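Based on the provided sequences and hints, a complete structural model is requested.
If you're matching them up, the sequences are chains A and B in order.
Its first residue numbered 49, the first sequence is counted upward by one per residue in the working numbering.
Its first residue numbered 377, the second sequence is counted upward by one per residue in the working numbering.
Everything labelled a hint here was simulated from the structure, so no lab data went into it.
These numbers come from a predicted model, not from an experiment.
Ideal placement from N, C-alpha and C gives every residue a C-beta, glycine not left out.
Possibly wrong hints are sitting among the right ones.
Quick look at which bits of chain A chain B covers, simulated, 3 or more residues with Cβ under 8 Å [unchecked claim]:
| # | stretch |
| --- | --- |
| 1 | 78-85 |
| 2 | 139-148 |
| 3 | 187-197 |
Okay, here's what each chain looks like letter by letter:
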Amino acid sequence: MRVACYSRALRQGLSREGSVESFTPVSALVGGALIGLGAAVMLLGAGRIAGISGIVGGALKWSGEDQLWRALFVIGLIAGAGIYALIAPDGLVVQFDATAGTVAAAGLVVGYGTRLGHGCTSGHGVCGIGRLSPRSLVATALFMATGFMTVYVTRHLMGP
Amino acid sequence: MPAALSALISGILFGLGLAVSHMTNPAKVLAFLDLAGDWDPSLALVMAGAVAVSFVAFRVAGTRTASFLGEAFQIPPRRAIDAPLVVGAMLFGVGWGLAGLCPGPAITALVSGHRKAFLFLGAMLAGMLVHKFMTRPRH
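Here it is as structure tokens:
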């Protein structure tokens with residue numbers, strides 16, 4: 049069963065129909081479960097929350113002791129995506145619609161906002177909702193809402 | 377050291393999951409956020425799959441006093457739904473909607489070698505540093 053799921057997910061991932069298929073439920077669920085498993089290993093192994101903005105932001109403090117596991121997590125993230133890029137013939141598809149200026153502005157806002165709000169899609173979304181934290185439920189609802197609104201404004205009000 | 381290795385394994389699973397689910401692609405994320413367009417619900421299923429597994433993990437953690445490697449659980453202590461949480465989450469959503477990247481995919485997207493992936497990550501780190509220096513305790 050699991051093998052069948054993986055091979056289907058892989059086929060979906062490898063489909064050459066074009067890089068963005070409209071809806072990919074199997075690869076979404078399998079990938080999501082892998083992300084959840086990553087969060088589970090962090091929690092049940094290191095005793096910590098796999099919140100990426102917190103892990104990266106904390107690494108910017110440059111204060112000795114905590115840096116090894118943070119660095120290893122980030123190296124793992126890149127390695128995990130790298131493994132996929134190696135086994136998928138089309139590699140890792142990354143398409144930006146936004147201009148360089150918008151991408152830079154977006155990065156700044158994401159970095160500042162996730163530190164101010166103490167979390168992002170992983171810490172508040174995956175882990176916070178997983179532990180039924182009211183703070184994280186509110187945060188997730190808010191960043192989803194402003195995400196939807198931003199795309200509505202940029203794509204439908206301001207035009208493509 | 378074993379705890380640091382579990383962080384490595386966690387990262388590998390996390391990065392693989394982001395890639396398998398195509399969440400490393402900003403266009404795919406924006407297709408989810410575009411409710412009024414050709415809506416792609418995939419991201420909701422990614423979240424559902426991830427939350428289902430993490431929910432079980434937190435239940436297991438709740439029955440224990442320490443992790444399987446003997447590490448103390450470090451669960452965020454904050455409980456208040458305060459202004460920084462609200463403003464921070466709303467700002468994050470705006471940035472997410474502008475580029476289609478959040479912090480995890482911002483790192484995994486580097487594997488593609490795309491110039492804008494490096495630009496986004498650099499700007500994100502700068503944003504984090506701005507926050508760090510603005511909140512530095514004054515003496």
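Here is what the structure says about each hint:
no. : hint    : verdict
1   : 78-85   : holds (count 8)
2   : 139-148 : holds (count 9)
3   : 187-197 : holds (count 10)
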